Structure formats: structure tokens, C-alpha cells
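Protein chains: 2
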Amino acid sequence: MTSAAGAPGAVPDGAGFDRAWSSLLPVGRAPTGGYHRLAWSDADLGCREWFRQQADAHGLTLDEDHNGNQWAWWGEPGPDAVVTGSHLDSVPGGGAFDGPLGVVSAFLAVAALQAAGVAPGRPVAVVNFSDEEGGRFGLACLGSRLMAGEVDPDTALARTDPDGVTLSEARSRAGFGDRRPGPDPDRLGRIGIFVELHIEQGRRLAVDGVPVGVATAVWPHGRWRLDFRGEGNHAGTTAVADRHDPVLPLAHAVLAAREAAATGDALATIGRVEAHPGATNAIASRATAWLDARAPLPEGVRAAVGRVEDAARAAAGREGVALTVAEESWSGGAEFRPELRAALAAVVEGRLGKVAQLPTGAGHDAAVLAASVPTAMLFVRNPTGISHDPAEHATRADCLAGVDALVAVLASLCR
Amino acid sequence: MTSAAGAPGAVPDGAGFDRAWSSLLPVGRAPTGGYHRLAWSDADLGCREWFRQQADAHGLTLDEDHNGNQWAWWGEPGPDAVVTGSHLDSVPGGGAFDGPLGVVSAFLAVAALQAAGVAPGRPVAVVNFSDEEGGRFGLACLGSRLMAGEVDPDTALARTDPDGVTLSEARSRAGFGDRRPGPDPDRLGRIGIFVELHIEQGRRLAVDGVPVGVATAVWPHGRWRLDFRGEGNHAGTTAVADRHDPVLPLAHAVLAAREAAATGDALATIGRVEAHPGATNAIASRATAWLDARAPLPEGVRAAVGRVEDAARAAAGREGVALTVAEESWSGGAEFRPELRAALAAVVEGRLGKVAQLPTGAGHDAAVLAASVPTAMLFVRNPTGISHDPAEHATRADCLAGVDALVAVLASLCR
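Protein chains in written order, with this note's numbering: chain W, 233 to 647; chain Z, 233 to 647.
Keep in mind that the hints were calculated from the coordinates and are not lab data. Treat the hints loosely; a few may be bogus.
[Said to hold, decoys possible] With the Cβ distance kept under 8 Å, some of the chain W side facing chain Z (calculated, not the full set):
#	residue
1	Pro-263
2	His-453
3	Gly-454
4	Gly-464
5	Val-479
6	Trp-522
7	Pro-530
8	Ile-618
Keep in mind the model is a prediction, meaning the values are calculated, not measured. All residues carry an ideal CB built from backbone N, CA and C; glycine is no exception.
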């Protein structure tokens, strides 16, 4: 048995890599190739069963907490554990890598260390955080934020999906109804350090020609729902002067979001819109747009949202349409600790020969945990930058490089 | 037994009016008060059953054709029949009167003539045209247009609803799978004259202070589907320059439709929009808008659609998004025969003391039939003008005035 230092004999197992991916890839995949692994859906439950099987196959001890997060322990469950992992849920029609890459890589890194006979100097765990995307109930990073006490459990349980199913009902249907969600200081307290590996959701590493990078920061971001209430009427008989069409101010909001992003340092996007009742020959009675906004600083996000709201409110006023704006989620982002990311960058560079450090506009459980425990992130190169789409991709070689980097990082942290 | 001339003893039966409405109103009504009587849905089948019961209660002979239209005959089924009626289906979330008012009034008018002992000089029928709204498969006036040979049956059968169910499948589920739709010259040939009574879908009669009017024309109108194909991506990491967001040109199309209506003589409306996959934190990969456009003349409709398409195409080009525009339906409208509408106006004025003549932008089966047979329409006052919405309304007194006018018109035509 070797010491963990450097773990030179611990290398990713290509055959194990292929086995792990081929067992996970069919779960929740649509005929079009996109993934629909929304929280507590059958596909999500399939992913959770896959996690249990992986834990068992690697001789790890399974622990499933009351917030839906899954933990697989190598050694005692804390304290001062090195925890690594990500999430297995997806946005509607998402890609294969956003989330799963971090969980698959975590199991493979543990396997590589085990195969090399490494005896870790502190507990190690693989984690699957529940409902990271918020793709069903609109609350991102819900599993980690419930654990950290950042979300009121009753508010979360009352949230509904687009079919009107509450989170409470969805948990019950999934056989999880007897577990009450809420703060979990015990499990949070077991984490000595958290490292999340994730596919990059941009092209920075591709441009730099680097397979694996280290995160410097996660931008603050939030989600807002704009509800426009007008007056339904016949599309073929209602004079323009008599119309109160909620789709018009919605359109102005869409354009204002782009304008705010194009002329500021924020990103602002409306990717989900609805008009009711949705008849071609009827003026809609109400319409809803969901706004996603992010920026390096919170005030940048607020400024972008303010510009969208101002434009929407002015257009709604002209049309005689009522507008309500609700903040559905807010994440203050995270600046990762400089000394930790420098140390990890050195380890990755030592292993792979090069490294990059970069921020991201994407939200992650790592940003939630960073408020409580030392936290770091590794990014794996994404050749097109496409994410949250079936075309999201990373090469097999880069994914294996990511596992290799994670092996070295875990070995370094377990010294 | 009196002659039909004038039918002075034939008056609407208020108690019968209340019974007819109270038996129909619960069918397909949502808890919010709106109606969802989409073609071949359970609610539509409930309406069809109601029609059978009404035919039976009035001693009329039921005939259901292969296009889904229902006929209730007083006397022999043609030739040279006076046919009156409308449709029982609704748009999603529609009102109680658009369609049903014409069918209910037709049965009540026949009942009034029967009660007065009128012996009609020619066959009379009440009709329920199938799928007038096109609220499920996107083809308006489908029952009458199939009968008239204006729509290819195979094209219609292959159309899908928002859940992906084809018209063919929907007909089969409704027990109608063994009837092949298509041209029906025999039934069309039985019609000597068609009179459709309908709630007004505007405020013209309310402004004029007239309970019942006669239609001069139905504007030409059509429906177009604009499909924008962009590139799905992460909303929080994709730079503006790398985006191909299909929701942006959709927004430009919405604004262009309003601009075309506000500055031309057309009406142009986008009341149905979709963005896929519909995740808050993802740029949509594709988006669709449905455009409804109408004008007094076909070239006015084409000009409005052209302006919307030009604006959408320019915006799509700037965004690197592909746009396809498909005409989903087209109706050339109808100018009703001046001598017939003058005669009907005289009858209505003689009965009610006043009348108005007015065109409409709404499509109707009457406009389809007008190409083949003498056709006329009566409108009943709508105090708010609201239609295609649960708030659509006509007073009981005006509805009874409409029946009274229809009694006089039928009596006049049956002389």
C-alpha cells in the first residue's frame, strides 16, 4: 500500500470509464438525444439508483439525507472529509455532462486511488446533490441550499412544477414523503473541503488549449418571473385601441434583456415564455416570461434586471396590462479562496502540464457550499461551449484528463 | 295550423331557453369559467351528445356525416332546405356563446315554429359544424371546409395537436375512426340557404344600440406559423456574440404584428408562443409563434403578413437563427349577397323595430358555405365585445331577441 502523496500509480481506468458512462447514459435520454432528468421524476430516480449501484460497486457506504442528497463514503462519514461530486439532474432537454461528469469522475477517481492501494489520510465521499438545476420547481441548487439552511423548507415544498404538482407531492410519489427537508448542520459539518468537477459551460479552455481549469469565482445570479395580465379577446374583431395584449410587453422584456446584456457586463436571458390560453385566433389574457440574469457583481445583476423591468413596465402601461415581477431565486455567487485554488492549480499543472484559472457565470452547489467550507472547482474543456442542450460535449480524452486531475487533487488533499 | 308567413304566433319560449342553456353550459367548462371544447375531446363529445338529445326532444331526424358535422332535420333531408346553426366547439379557454348561441337559437326557433303550428314549405335543418375554431389541430372551419372539398382529407388527418396526437388518432379515440372525411357534395347539395346566428365579436351593435344585426361580409383571414431555429445553450455562460437565441426574432415578430395592425387596415395578432426546451437557465434552441391576420381585402392580409415576416427574417438574420414560415390556413372571406341580406334586414327590422348591417373580421362556417350556396348571418349584441375569453357575454334579453329574429327569418324563408 502506497501513501497518498502524489499517487503516481493511481491512473484513470479507461474500461471503467466506459462502463460507468454506458450504464448512466440511457437514463432519462429523450429520442432526440436530450436529457430530461428533472428532480424526483422517474429519470431522476433512475439516476439515484445508478448512484447506489456505483457506491456498492466501489465498496462505499451509502447515506441518503432528508434533502435528497446522496453520499457514498470511503471510510468513516467525516469529520474533515474530502468530498467530491456534483449533481445528476438536468434541465429539460439538457446535455449528458452538466452534473454527471462530476459524479462519474468522482467515482472513477476514488476507484483509481483504491486500485493504486492508496490509504487516504482523511475520510473521502462522493456526493450527488439533489435538484441542482431547479428545472422543475424553479429553485436552483435546492439540495445544497436546503442543507445549508438557505431555503425555507415549507416554501420549497409548496412550489409547483408546470403541471401543478408540488415538490411535496413529487417527493411523496417518489417514496420520499416521510423525510422532511431542512437544514442539516451535521452533514455540512462533516465536510472538510468540497471539490466539484464540472464541464465548462463556455469556450475559455478551448480557446486557451487547456483540458482542465480551476475556477476563480461563480458569478452572482438570479431568476425572476414576469407575469403580464391583460384581457383575452378575439384576434379577428378587436380593434387595436381596445386591446390589452400581454404578449406585447413580454416581447419588449425579451428585447430589453438582450439590450441590457449587449451594453452592460451582465448576461440576461429569457428562455421560457408562455401565453394563455394559447389559441391562434385569440388575444392572450395573460403571459409569463422567466428572466435569468448574472454578472460579476450583484449590482450588475440588479441593474440588468432593473432595465428589463423598466422596459416591461413601460410597455405594459401603454397596453393597459398589469405586470408583477417576482424574484424566484437569488444566489450571491462565490469567490473561491485564492490560496486553495492556487494550490489546486499547481497540482493540476503538475499532473497535466498546463492549467488555466477562470470564473463562470453558471451556478453550482460549490458556490452554495463556499459560504460554509473551503471549496474549489475543476472545469473540463467543452470544445463548443454549448451547455444546457443535447449538443453539450466533452471529448473522452478530456474527460479522462479531468479524472486524472481529480485523482491528483484528491491524493494531494488526502495526504 | 297557420301558414309560415310572418309566423306572428311563433315566439321564443323563455323556459325552453333556460332549459337548453342549463343543459349545455356545464359541458367542458373549466373551474375558471372558460370553455375547453376542443374538437374530438371528451367535452366536444359531450356537446355532440347534447345535440342528439336536442334533436330527439324536438322530434327532428338526426344525421351525422363523415366529416363530423351533425344535422337535425325537420322534414325530409333536402333538397332546397333552409339550414341554420353554427358550431359547439370552442377555442381553449373560450366563452359560452361563440358557436353554441347559433345552435341553441336554431333549436329554439324550430321549437317556436312547431309550437305555433307552422308547417314549413321546405325542409328545415339545424346544423352543428365540427371543429370550427381549429383550436386543436390549427385548421379553422374544418368540418365545413372538408364538406366543401376545400381541405385535403389526408393533410387534415395527419395534423397534430400540441400533445402530438393526430386528428386521425383523435377521431379513432372518439369512435369515429371508421368514417373517412372528405368532400360531401350530396349534403352540400341539400342546402338551399344557410343562416348562421352568432354572437357579435366586437362592440358595433352595442355602440349602435341594436340587439340584432345582419352581416355584410366576413373578412379574409389566415394563420401562419413562424418557426425559429436557433442554438440551445447555457444562459449564464454564453457570451452575447456566441448566441443564436430564437426568442429574440420571435419578439420582433410580435411587435411587427402590432405595428402592422396599428398603421394599416389589418388586424394581426400573435396569441400563441412557445420556446423550447423552456428552461429558465437555458437559451432556447427553437421557438414558434402563430400569427393570425385579417383585413377587408386579401391584399391587406398579405401586406400585414409580409411586414411581420420581413421583421422576423431581419431579426433572425442578425441573430444567426433560421426562420421558416408556413401558412396553416387561409380563408378568402365572403361578401354576402346584397339582396339576401337586405331581405333579412327588413325581416329583422319588422320584428324587432331596428337592425344594423355590419362586416366582421371573425371567420365562420357561413363564409365557407357562401362560396356554394346563398348564405346569411345574424349577429347578437355583445355588450363588451369580448370574445374567445371566459368574459364573453350576451344578455338573456338579447339572446331571446336573436331567437325571435331567427324565428321571423326562418318563417320568411319557409313561405
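Is the interface hint satisfied for W:Pro-530? The criterion is a beta-carbon contact with chain Z at less than 8 Å. 14 Å, violated
With a cut-off of 8 Å, does the beta carbon of W:Val-479 approach a beta carbon of chain Z closely enough for the hint to hold? 5 Å, holds
The hint names W:Ile-618 as touching chain Z; please verify it with the least Cβ-Cβ distance against 8 Å. 5 Å, holds
Status of the W:Pro-263 interface restraint (C-beta, 8 Å, chain Z): It is violated, given that the least Cβ distance between W:Pro-263 and chain Z is near 12 Å, above 8 Å.
Under 8 Å, Cβ to Cβ, is where W:His-453 needs to be relative to chain Z, so tell me if that hint holds or is violated. At about 6 Å, which falls below the 8 Å cut-off, the nearest Cβ of chain Z leaves the hint on W:His-453 intact, so it holds.
Holds or violated: is the Cβ of W:Gly-464 closer than 8 Å to a Cβ in chain Z? OK, holds: W:Gly-464 within 8 Å of chain Z, min 3 Å.
So, W:Trp-522 near chain Z? Judge it on the closest CB pair being under 8 Å. With a minimum Cβ separation of about 4 Å from chain Z (threshold 8 Å), the hint on W:Trp-522 holds.
If you take the shortest Cβ to Cβ gap from W:Gly-454 to chain Z, is it below 8 Å? 10 Å, violated
Hint compliance for this structure: hints 1, 3 and 7 are not met, and every other hint is.
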